[in-house]
Each structure stands twice: as C-alpha cells, then as structure tokens.
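Trainee: Given the coordinates of chain A, assemble chain E onto it according to the supplied hints.
In order, the protein sequences belong to chains A and E.
Note that UniProt numbering numbers the first sequence so that position 23 is 23, with each residue one more than the last.
Note that UniProt numbering numbers the second sequence so that position 182 is 182, with each residue one more than the last.
These are computed hints drawn from the structure, not numbers from a lab.
From the three backbone atoms N, C-alpha and C, an ideal C-beta is built for every residue, glycine too.
Any given hint could turn out to be false.
[Unchecked claim] List time: in silico DSSO-like cross-link candidates among lysine-lysine, alpha-carbon distance up to 27 angstroms: (1) E:Lys-141 x A:Lys-113; (2) A:Lys-109 x E:Lys-141; (3) E:Lys-109 x A:Lys-113; (4) A:Lys-109 x E:Lys-157.
[Unchecked claim] Not the full set, but computed from the structure, chain E residues with beta-carbon under 8 angstroms of chain A: (5) Arg-114; (6) Ile-125; (7) Gly-146.
Number of protein chains: 2
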Amino acid sequence: MTPTEPEKKQRSYATAITVAALLLVVLLTCVPYLVSIALAEGPVQGNAADASPIFGVTIPAGYKQWELIAPAEEAAPLDELRAVVGNQTAIEAYQAGKLPFPDGTILVKRAWKRKQSPEFASATIPGAATTVQVMVKDSRKYASTGGWGFGRFVNSKPVDEAQHRTCFACHDARAKSRDYVFTRLAP
Amino acid sequence: MTPTEPEKKQRSYATAITVAALLLVVLLTCVPYLVSIALAEGPVQGNAADASPIFGVTIPAGYKQWELIAPAEEAAPLDELRAVVGNQTAIEAYQAGKLPFPDGTILVKRAWKRKQSPEFASATIPGAATTVQVMVKDSRKYASTGGWGFGRFVNSKPVDEAQHRTCFACHDARAKSRDYVFTRLAP
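Next up, chain A with everything else stripped away, as it sits in the complex (with noise of 0.2 angstroms):
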C-alpha cells in the first residue's frame, strides 16, 4: 500500500528520532574517552621555554596522578628521596617485564631534599622538592640517545644545554642492558 502523506511524515519523524539519539549515545560514549585520552597522557604541547634543550621534553600532564614505580633514596651530597611514576605505557611494560619499553613509554622521577621527620627521629619525609626528570621513549626521534629523551626541571623549568649533555652517558654505561633505564619495579 502506497504510504500516505501523514504516515510520510511520522515515518520519517520517527527516523529523525532514531538518528538523533543514535548521534546523542555515540557523543556521550566517546567524547569523555577522547578527551580523557587527550589529557591524561603525553608530553605538554606547551610552548619551547617549556622543553628540555636538546629532547625537547616537557613535564607531562598530570604526571602527579600516575601510578609509583618505586621509590628510592640518595645519600649526601643530594641527599634526597625519589619516586620514579610511569605512564599507562611505562606500568604494562613493567608488569608485563618486557624490554625493550615500547615507544610512548613516560618515566617521571619526582625528588625532594630529605629531611628529618618531626614525629620520628628514625624517619626522614620530603622537604622541599628539588627537581623533576622525565625520560620518553621515542626510538626514532631519540634513535641516537639509545630511543630515549630526557628532560631536567627544577621548579618546572628545564635545566641548562650542559646539563642534558650528561644524561645519556651515565644511562649508556650503567643500564645500557636494561634498555637504559634504572628503575626497577617496586614489588
């Protein structure tokens, strides 16, 4: 039977429907995950005062919420407490214990002087922090520092070119086998 201009009209009344609320659940699903995604992980895309010299490293945003690695402590002179945090990347590869890190890998090593605690003469807290360290994995773009970026920032500045000179050497010679990094994860 011939449609009818009024059954015309609520057949396609009822599809505008259809497709508007198909449109409405795809914006309400996705939308939250993309820009979760677009902020959770990465570096910064700040401006270049904001990088490491050299790598171009930024501090990543919200490096603050990752997930520990581990901690660890330096005796004098720096005498400071660490936590190395890692990216969604960085935590699969450790737990999965494989190396090389994949590229995407973020390590973030946060310090802080170390001072007495006041409660427990036995105890030493964070005082004041003192730098933050970030390593990237990118293995064409940092292809001849062993895949890895490094940036050095003290109060979320980078530090100075001849500082970022020395960061490869030192994870060249002592963690070459271990696809440069030092940090193991905290059972």
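Mentor: Positioned in the frame of chain A, the structure of chain E alone reads:
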C-alpha cells in the same frame, strides 16, 4: 483530526524508538561510571580472614594505582623505604589542606626493605615488600580510635590482634593534632 490506525501505529513506533534510545543513552553513560565507582574505591568486601582484627579493615582493591602522597625512609632497625598513597577522597583532602579527613578517606602505606642499588653506591632502592598498612576513616564505626580503623598486612594477610592494639596509641600520642595522620603531602 482523529488519528487513523496507521497513524497511531507510526506514532507509537516513534515513541517506542525514542524511549528505547533514551534508555540506551542512560545505560551507556551511567553504568560505566557506577561500575568504576564500585570497583575503584573502598575496602574489598572479602572474607573475614582477610580483614584486620579489631577494625575489620581490608586491603583496598587497586591501591597500587592510587596517587602518591609521599615517600619516606625509615632507618635501622626496620631499614625500610615507604610510599604512602591515598584514594581520591584522601587526595582531595590533602590538596584542600583541610582537617579532619572526611569519612571515606583511605590511606595505604606500602613498605619495602631498603637495599643497596646495584648501580649507584649512594642510592638505596626497594627490596622485598614488608608490610602494607591501611587507615580507613569512619567517624562512627571507629569513634573510639579517633575515627580511624587500622590494618597491617604481611603477604596480604592481616597480622595478629596484639599488633593491632598498638596502632592507635602511637598515632594518638604523636599526631592527634593532624587528625592522627603522620604523612604530609609531598610538594
């Protein structure tokens, strides 16, 4: 004009599609959030053998992914490295700088034996895990211990009641003015 039979069918078809689509939207947006809330926070409702004596505190699911509050070092005889992490309620309270911590705050202190770094004579790193210690804020349930329940775990099992009788007295003696919590947020 009185709607005809086909028009009534079209209208109810359109209505059914709209309602179904709206239900789908609600489902797709609400259920993931509810599931993530249910999974992300709070003590595991496991069996009684996993819960601490006196307080009934359990090791919270997913605590290893929680945000770091601060590392710490403990000298001999314990000779440990520690990392205190907190759930979202804890983190927000720390960032707001307000005491007391609200009900629902959970703090977890992870601890490892300190061992010499193989690469750096000046550094110590985590060896074997020693304890996982949990504080849960519930001002009604734990009114007699400053609002806090305590759990100390070795290899995921709670230690004995005698040890749990010692927890609050020390927190009361040395940290009462800070809502019985020693750990300060690392800057």
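Trainee: Does the nearest C-beta of chain A fall within a distance shorter than 8 angstroms of the C-beta of Ile-125 (chain E)?
Mentor: holds, 5 angstroms
Trainee: What's the verdict on Lys-109 (chain A) and Lys-157 (chain E), does the C-alpha distance respect the 27 angstroms limit or exceed it?
Mentor: Violated - the C-alpha atoms of Lys-157 (chain E) and Lys-109 (chain A) are around 31 angstroms apart, more than 27 angstroms.
Trainee: Taking 27 angstroms as the top limit, are the C-alpha atoms of Lys-109 (chain E) and Lys-113 (chain A) close enough?
Mentor: Since the Cα atoms of Lys-109 (chain E) and Lys-113 (chain A) sit roughly 20 angstroms apart, the hinted pair holds (cutoff 27 angstroms).
Trainee: So, Gly-146 (chain E) near chain A? Judge it on the closest CB pair being under 8 angstroms.
Mentor: violated, 16 angstroms
Trainee: Decide if the proposed pair is consistent with the structure: Lys-141 (chain E) and Lys-113 (chain A), CA atoms, cutoff 27 angstroms inclusive.
Mentor: violated, 38 angstroms
Trainee: Tell me if the interface restraint on Arg-114 (chain E) is satisfied: Cβ within less than 8 angstroms of some Cβ in chain A.
Mentor: This hint holds: Arg-114 (chain E) lies near chain A, its Cβ roughly 7 angstroms from the closest one there, short of 8 angstroms.
Trainee: Are Lys-109 (chain A) and Lys-141 (chain E) close enough, with their CA atoms no more than 27 angstroms apart?
Mentor: violated, 39 angstroms
Violation of the numbered hints given earlier is confined to hints 1, 2, 4, 7; the remaining hints are satisfied by the structure.
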